[in-house]
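Take the sequences, apply the hints, and build the full model.
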Amino acid sequence: MKKALLLSLTLFIVGTSYPADLPRKQIIIYVHGTLMSGVSLLNTTGLYRNDLEENDWTRKCLTNLRENPKIMNSQVALKMGLENIDQRSINEYAHQTLSSNKSRVGAYQYFGLYSGLQQDNLDYKYYTFGWLGGLDKKGRELAATELHQHIARLSEIYDHNCDFTLICHSHGGNVALNLVQEERINPLGVTVKNLLLFGAPIQFETACFAMDTFFETVYNFYSEYDTIQIADKISMPSHKSFHTFVEALSLTTLKDAPNLIYDVQLSINGDTKYINHEMLGAFHQYKRPDTFLKRLSPFPLSVLTPKFLSLFKPIRDAKGYSSTSLSLVPNQNKISLELSTATGRFINTSLLDTPRIDTAHNYAKKSWTPYSVYQATKIAIAMREVIKFLS
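The opening residue of the sequence shown carries number 124 in this note's numbering; numbering runs sequentially from there.
Treat the hints with care, as some may be off.
[To be verified] Pairwise CB distance ranges, derived in the manner of DEER restraints:
1) THR376 - ASN485: 43 to 49 Å
2) GLN241 - ASP282: 21 to 27 Å
3) GLU279 - GLY393: 45 to 51 Å
4) GLY312 - GLU264: 16 to 22 Å
5) PHE469 - ASN284: 34 to 40 Å
[Stated by the list, open to error] Mimicking DSBU-like on lysine-lysine, the simulated pairs with C-alpha atoms at most 30 Å apart in a straight line are:
6) LYS363 - LYS442
7) LYS356 - LYS261
8) LYS436 - LYS248
9) LYS417 - LYS396
10) LYS202 - LYS417
11) LYS489 - LYS202
12) LYS316 - LYS442
13) LYS148 - LYS193
14) LYS202 - LYS248
None of these hints come from the bench; they were simulated from the model.
Please read all numbers here as calculations on a predicted model, not as lab measurements.
Note that the Cβ used here is the ideal one computed from N, Cα and C, for glycine as well.
Have a look at this one:
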């Protein structure tokens, strides 16, 4: 009897895995940017003073617009707050059996392709974080408070054995940067492994947060042609927005960063002026049908994040700041990604899985309703909503 108990106890101890021994969950959260920024600009005074009331009519207008699929289905977004893209949906996407209710939603198409581009055997969980999407500073800070709580809860769910990667488009990046302020005010013991910013307006007031060890590595992907990224001159006290961290903080400041910070200029076959704001983070049709990137349509470039991250592995041991360039280059029937320093020194290259991208393109073409092609339709919807509130 004693021998049996001892054997059972031994098997229990040997067979028990503790969180530190288990593979870490990889939590990917997409944070969308400003929605229909023209609506927020209709209360310029409130934006300038950062004193929009909770019941401000522009906020109510945005709340209603968020319910319109013709607006939201071209975003990588679901409902407000944190929403899970479950594994069943990922599997259905892989077999092209998503229901029409899901296939017409950009977020399911996005993470279906994103998951297929992963090249490791880690356990990934996918989420979207939806916020109001207003242009005001206060709205971004409120969204950061909520996102901070969600990250802490997920960390508890996964026994604090998880890594967080945040993919942020436009002002979604400033929502994420404000997490540093939230952790300082209300310490919850959470950190973010990778923060990827796509077209985020780099502003004096939040750029300094990128240098906090709350973020292990910060990647700022930008395009010279992205005029929207630097257009916000009103929502922050400094009234300035930049493409890069080095413009906002200076090289002297950044070189002493305790973490890793990359400014990454994107280009298409060396053309640094081709990529616009929408191409970075929203579903759309690439405007030059002759380009090889039409194969990627309607997906934003941020969907290539798994490939982007793998390119940086050879230089991730360093600390501080680096200015880099990443170009998408046609290579016969394939597309290569080429990473180099700002001075042109080659770092790494990788080929895209073009058959998988072609499959995703064809599936989206037949199953995703490309509302974002008709920008005039979206503007008309927003105008009707505004007129309703003003009448």
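Structure-based check of each hint:
{"no.": "1", "hint": "THR376 - ASN485: 43 to 49 Å", "in the structure": "47 Å, holds"}
{"no.": "2", "hint": "GLN241 - ASP282: 21 to 27 Å", "in the structure": "22 Å, holds"}
{"no.": "3", "hint": "GLU279 - GLY393: 45 to 51 Å", "in the structure": "47 Å, holds"}
{"no.": "4", "hint": "GLY312 - GLU264: 16 to 22 Å", "in the structure": "21 Å, holds"}
{"no.": "5", "hint": "PHE469 - ASN284: 34 to 40 Å", "in the structure": "37 Å, holds"}
{"no.": "6", "hint": "LYS363 - LYS442", "in the structure": "28 Å, holds"}
{"no.": "7", "hint": "LYS356 - LYS261", "in the structure": "15 Å, holds"}
{"no.": "8", "hint": "LYS436 - LYS248", "in the structure": "21 Å, holds"}
{"no.": "9", "hint": "LYS417 - LYS396", "in the structure": "17 Å, holds"}
{"no.": "10", "hint": "LYS202 - LYS417", "in the structure": "29 Å, holds"}
{"no.": "11", "hint": "LYS489 - LYS202", "in the structure": "24 Å, holds"}
{"no.": "12", "hint": "LYS316 - LYS442", "in the structure": "14 Å, holds"}
{"no.": "13", "hint": "LYS148 - LYS193", "in the structure": "34 Å, violated"}
{"no.": "14", "hint": "LYS202 - LYS248", "in the structure": "17 Å, holds"}
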